[in-house]
Amino acid sequence: MESFYHKLKEYLDRGETVAVATITDVKGSVPREVGAKMIIHPLGRHYGTVGGGCGEADVIRAALDVIQTGEPTTVRVDLTEDPTMQATGVCGGIFHVFVERWQPDDLH
Amino acid sequence: MADALLEALIASVEAKRAVALVTVTAAPDPRAVGRHALVWLDQEPLGELGLGDLEAQVLADARAVLSGRTHKRLSYATPQGPVTVFVEVQQRPPELIIVGAGHIAVPLAQIGKLCGFTVTVLDDRPQYANRERFPQADEVLATPLRETMRRWVAENRLDRDSYVVLVTRGHQHDIECLLEILDHPVAYIGMIGSQRRVRTVFDLLSAEMGIPPEKFDRVYAPIGIDIGAHTPAEIAVCIMAEIINVMRGGPARSISDDRRETARRRRERAAAAAAR
Numbered sequence: 001m002e003s004f005y006h007k008l009k010e011y012l013d014r015g016e017t018v019a020v021a022t023i024t025d026v027k028g029s030v031p032r033e034v035g036a037k038m039i040i041h042p043l044g045r046h047y048g049t050v051g052g053g054c055g056e057a058d059v060i061r062a063a064l065d066v067i068q069t070g071e072p073t074t075v076r077v078d079l080t081e082d083p084t085m086q087a088t089g090v091c092g093g094i095f096h097v098f099v100e101r102w103q104p105d106d107l108h
Numbered sequence: 001m002a003d004a005l006l007e008a009l010i011a012s013v014e015a016k017r018a019v020a021l022v023t024v025t026a027a028p029d030p031r032a033v034g035r036h037a038l039v040w041l042d043q044e045p046l047g048e049l050g051l052g053d054l055e056a057q058v059l060a061d062a063r064a065v066l067s068g069r070t071h072k073r074l075s076y077a078t079p080q081g082p083v084t085v086f087v088e089v090q091q092r093p094p095e096l097i098i099v100g101a102g103h104i105a106v107p108l109a110q111i112g113k114l115c116g117f118t119v120t121v122l123d124d125r126p127q128y129a130n131r132e133r134f135p136q137a138d139e140v141l142a143t144p145l146r147e148t149m150r151r152w153v154a155e156n157r158l159d160r161d162s163y164v165v166l167v168t169r170g171h172q173h174d175i176e177c178l179l180e181i182l183d184h185p186v187a188y189i190g191m192i193g194s195q196r197r198v199r200t201v202f203d204l205l206s207a208e209m210g211i212p213p214e215k216f217d218r219v220y221a222p223i224g225i226d227i228g229a230h231t232p233a234e235i236a237v238c239i240m241a242e243i244i245n246v247m248r249g250g251p252a253r254s255i256s257d258d259r260r261e262t263a264r265r266r267r268e269r270a271a272a273a274a275a276r
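Those protein sequence lines, which keep their order, are chains P and R. Under this note's numbering, the residues of the first sequence are numbered 1 to 108, in order. Under this note's numbering, the residues of the second sequence are numbered 1 to 276, in order.
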């Protein structure tokens, strides 16, 4: 069975530095569960999802910074906007995503 | 370090050993944030979180989270400021065991794989239980039903991550297999059959074999959740929906809830009558 970590190792074995995003807690209705994970690749070859949409776009933006700086961060995604036709985050909940850099060992 | 940790994590996942990845997500010392450790139930932890006096406590708590089998964020107040860690539990994949390789088994094996289950198909007819018919299954066995079930129980092949679906070609085979695992601590036993048929069969088994009727309460028969399914593929969806509902502790009602509740009321009435 191929796990998320097999996938992560594939990136590192190819010498690629990536960011890993993990949903660490949720309140209310959100698109994915605690523990959902995603690999963010600097050139867009991502893997997995932390819920899609604008929230995920925020996470990807933060992750690209994390890949540069190496400093982990926590992204707070707020989906509690009032439901209108234009609103993008209306699931009703809030979740936190921890974003960290993983890089091949020889780059340390 | 990252590589050594990742290698150890992957090795445990492949060996289907329970392991948890602990990540520091907030700490007064920024150097600790993003550090990892692995904990097991039966082995010393690997890695260092850089949390000083709190380290041993966090690792012990992470191990407790691992035995509880659900990811969890842990928070601590220290004199220097708050510390949070995320404990990510790598569970063994749940196992779907489909007994009977007929029309429902084919889509059920596919859906089971989609949902991340290890899938085993068993039938005593090699023309049904074969690789061509079940290319996605992890294991396809063409061996006698009852003997195989008995061997699995004897060899501890089944456990609390096993979900067993009894959909053989005939009800007598379903029942034979059911009796082999009725007392076994598997996560789920589902058996196909109509309300009327299931009720009759369980009553007969209680009367003729002296099996206490409450023992049948754990059996999901008729199988599945009522979504008005007609075709084999739709029935497979309704079975898998029930399995997910049981696994995740969801709120959906099973078709078998009616039977279970009626049987319970009947027993209570009988007990009340006996007490009078």
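FYI, nobody ran anything at the bench for these hints, they're computed from the structure. We treat Cβ as the ideally placed atom computed from N, Cα and C, and that holds for glycine. Among the clues, some could well be false.
For lysine to any residue, the following SDA-like pairs were computed, each having C-alpha atoms within a straight-line distance of at most 25 Å [claimed, not checked]:
hint : chain 1 : residue 1 : chain 2 : residue 2
1    : R       : K113      : P       : T73
2    : R       : K16       : P       : T73
3    : R       : K72       : P       : T73
4    : P       : K7        : R       : P82
5    : R       : K113      : P       : V34
6    : R       : K16       : P       : H6
7    : R       : K72       : P       : G44
8    : R       : K72       : R       : P82
What the simulated footprint calls covered on chain R by chain P, stretch by stretch (three residues with Cβ under 8 Å from a Cβ of chain P suffice, anywhere in the stretch; the number is not a length) [what the hints assert, rightly or not]:
hint : segment
9    : 188-201
10   : 219-233
Taking the hints in turn, this is what the structure says about them:
1. K113(R) <-> T73(P): Cα-Cα ~34 Å, so violated.
2. K16(R) <-> T73(P): Violated, because 31 Å separates the two Cα atoms, which is more than 25 Å.
3. K72(R) <-> T73(P): Holds: K72(R) and T73(P) sit about 18 Å apart, inside 25 Å.
4. K7(P) <-> P82(R): 33 Å, violated
5. K113(R) <-> V34(P): 22 Å, holds
6. K16(R) <-> H6(P): 14 Å, holds
7. K72(R) <-> G44(P): Cα-Cα ~29 Å, so violated.
8. K72(R) <-> P82(R): 16 Å, holds
9. 188-201: violated (count 0)
10. 219-233: violated (count 0)
Consistency note: the structure conflicts with the earlier hints numbered 1, 2, 4, 7, 9 and 10.
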